[in-house]
Amino acid sequence: MKKVTNHPFAETLITWYKDHARDLPWRRTNDPYVIWLSEIILQQTRIAQGLPYFYTLTEAFPTVYDLAAADETTLFRHWQGLGYYSRARNLHKTAKHVVDMLDGKFPETYSELIKLPGVGPYTAAAIASFAFGEASPVVDGNVYRILARYFGIETDILHASARKEFTALAQELIPNSDPARFNQAIMEFGSLQCSPSPDCGSCPLISSCFAYREERVNQLPVKSKAKPQRIRHFQYFIIEQAGKVLVHQRQAKDIWQGLWEFFCVESPDLQEAINLHPFLSPLMGHAVALQAPGVHVLSHQKIISAAWLVQLPSNFKFEKPSDYQWILSSEFEQLGKPVLLLNLITDNIALKEILEG
DNA sequence: AACCCGGGGGT
DNA sequence: ACCCCAGGGTT
1 MKKVTNHPFA ETLITWYKDH ARDLPWRRTN DPYVIWLSEI ILQQTRIAQG LPYFYTLTEA
61 FPTVYDLAAA DETTLFRHWQ GLGYYSRARN LHKTAKHVVD MLDGKFPETY SELIKLPGVG
121 PYTAAAIASF AFGEASPVVD GNVYRILARY FGIETDILHA SARKEFTALA QELIPNSDPA
181 RFNQAIMEFG SLQCSPSPDC GSCPLISSCF AYREERVNQL PVKSKAKPQR IRHFQYFIIE
241 QAGKVLVHQR QAKDIWQGLW EFFCVESPDL QEAINLHPFL SPLMGHAVAL QAPGVHVLSH
301 QKIISAAWLV QLPSNFKFEK PSDYQWILSS EFEQLGKPVL LLNLITDNIA LKEILEG
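Just so it is clear: in the first sequence, position 341 is 341 by the working numbering, and no numbers are missing.
One thing to keep in mind: the hints can contain errors.
Unchecked claim - Below, computed lysine-lysine pairings styled on DSS-like, alpha-carbon distance capped at 30 Å:
(1) Lys18 - Lys96
(2) Lys227 - Lys317
(3) Lys227 - Lys302
(4) Lys253 - Lys115
(5) Lys244 - Lys164
(6) Lys302 - Lys225
(7) Lys96 - Lys225
(8) Lys225 - Lys164
(9) Lys223 - Lys115
(10) Lys225 - Lys244
(11) Lys227 - Lys244
(12) Lys115 - Lys105
(13) Lys223 - Lys253
(14) Lys115 - Lys96
(15) Lys320 - Lys244
(16) Lys223 - Lys317
(17) Lys253 - Lys302
(18) Lys302 - Lys223
(19) Lys164 - Lys93
(20) Lys352 - Lys93
(21) Lys352 - Lys320
(22) Lys352 - Lys244
(23) Lys115 - Lys164
(24) Lys352 - Lys317
(25) Lys93 - Lys115
(26) Lys302 - Lys320
(27) Lys302 - Lys352
(28) Lys93 - Lys105
Don't read these hints as lab results, they were simulated from the structure.
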């Protein structure tokens, strides 16, 4: 079912986009690798936050071959601070798959792209359209917002059926001629014009917008509320001896999987932490309290933490936990850490000097 | 279908 | 304090 003429909605967006498009680096290329990399970075991430990481990563790994050959520890270190660290792991998986199984060439269709680890409906549509000109509509937070307002769609955008409904509508709207431009335009429009608190007075779609006409701009899109945050308490022990520090890489299905940290006990207070790990008891004679980070806030958790610096004499003997290892203090900088620990280090000069010389 | 996964910025 | 951000994976 080819569209001969475009929907007026699409025409207006494309016209608006000609005058308002930002000059973003991933819009200057057709390289599917660079587009893919940018899209993974931008998942649930604002452009301003992702941009420095885009420059760093494209410089460190200019091609998919470079990324596939990368050491995962190095990749995690580059991803440090960006959040949602499973993206980094899936990035590496997909790069290796593309190099090893696909001769370094990315799949060129939505239905093939979506099979890649870390590539879901949005990202597959984005790559298929931007790199290969396929008319698959992107449906991201911007698109939900614009379509819900303009067409008066009441479906809860967190409901399972929402994606299907909004995608079907977007599929009707996307032109067969330069679908990539439409996808860029609708997201840019959502970001700059039809934002969560929009400036309807300057909107080119004001005369035909359902939400504006019905005075329901601030009620659309409908989105159910997030559940309250879980409160957690972490006790950190920076155990240092003979120029080395005790660390481990978080592995459990939990926050910060793949990142590195100091000896950590999840407990509301020091005494309970010691009771849980009796080897700590004789160490505490060498411990000094560090300035604790403030409450560290994640999307669904609040982490309240405390930390002790434990500098042990060389002849001090104790049995370290089996899942922890010693590394040179100076090498800690090279590992990917949670921002909570970056803040802890920044706020404590003594710690900073141990770890950064 | 429900739940989990970061960090930062706007209001 | 709450919302949102160029979402995706697991169970």
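Against the structure, the hints come out as follows:
1. Lys18 - Lys96: violated, 37 Å
2. Lys227 - Lys317: violated, 46 Å
3. Lys227 - Lys302: holds, 13 Å
4. Lys253 - Lys115: holds, 22 Å
5. Lys244 - Lys164: violated, 53 Å
6. Lys302 - Lys225: holds, 18 Å
7. Lys96 - Lys225: violated, 38 Å
8. Lys225 - Lys164: holds, 21 Å
9. Lys223 - Lys115: holds, 28 Å
10. Lys225 - Lys244: violated, 46 Å
11. Lys227 - Lys244: violated, 41 Å
12. Lys115 - Lys105: holds, 14 Å
13. Lys223 - Lys253: Holds. Lys223 to Lys253 sits at ~27 Å (cutoff 30 Å).
14. Lys115 - Lys96: holds, 14 Å
15. Lys320 - Lys244: The given pair, whose Cα atoms are some 13 Å apart, holds under the 30 Å limit.
16. Lys223 - Lys317: Judged against 30 Å, a Cα distance of about 56 Å means the pair is violated.
17. Lys253 - Lys302: Since the Cα atoms of Lys253 and Lys302 sit roughly 17 Å apart, the hinted pair holds (cutoff 30 Å).
18. Lys302 - Lys223: With a Cα-Cα distance of about 23 Å, the restraint between Lys302 and Lys223 holds, given a limit of 30 Å.
19. Lys164 - Lys93: Holds: Lys164 and Lys93 sit about 28 Å apart, inside 30 Å.
20. Lys352 - Lys93: violated, 34 Å
21. Lys352 - Lys320: Given that 30 Å is the threshold and the Cα spacing comes to 23 Å, the pair holds.
22. Lys352 - Lys244: holds, 14 Å
23. Lys115 - Lys164: holds, 18 Å
24. Lys352 - Lys317: Status holds; Cα separation ~25 Å.
25. Lys93 - Lys115: holds, 12 Å
26. Lys302 - Lys320: holds, 29 Å
27. Lys302 - Lys352: Answer holds: Lys302 to Lys352 is near 25 Å, not above 30 Å.
28. Lys93 - Lys105: Judged against 30 Å, a Cα distance of about 14 Å means the pair holds.
Checked against the numbered hints given earlier, the structure breaks hints 1, 2, 5, 7, 10, 11, 16, 20 and satisfies all the rest.
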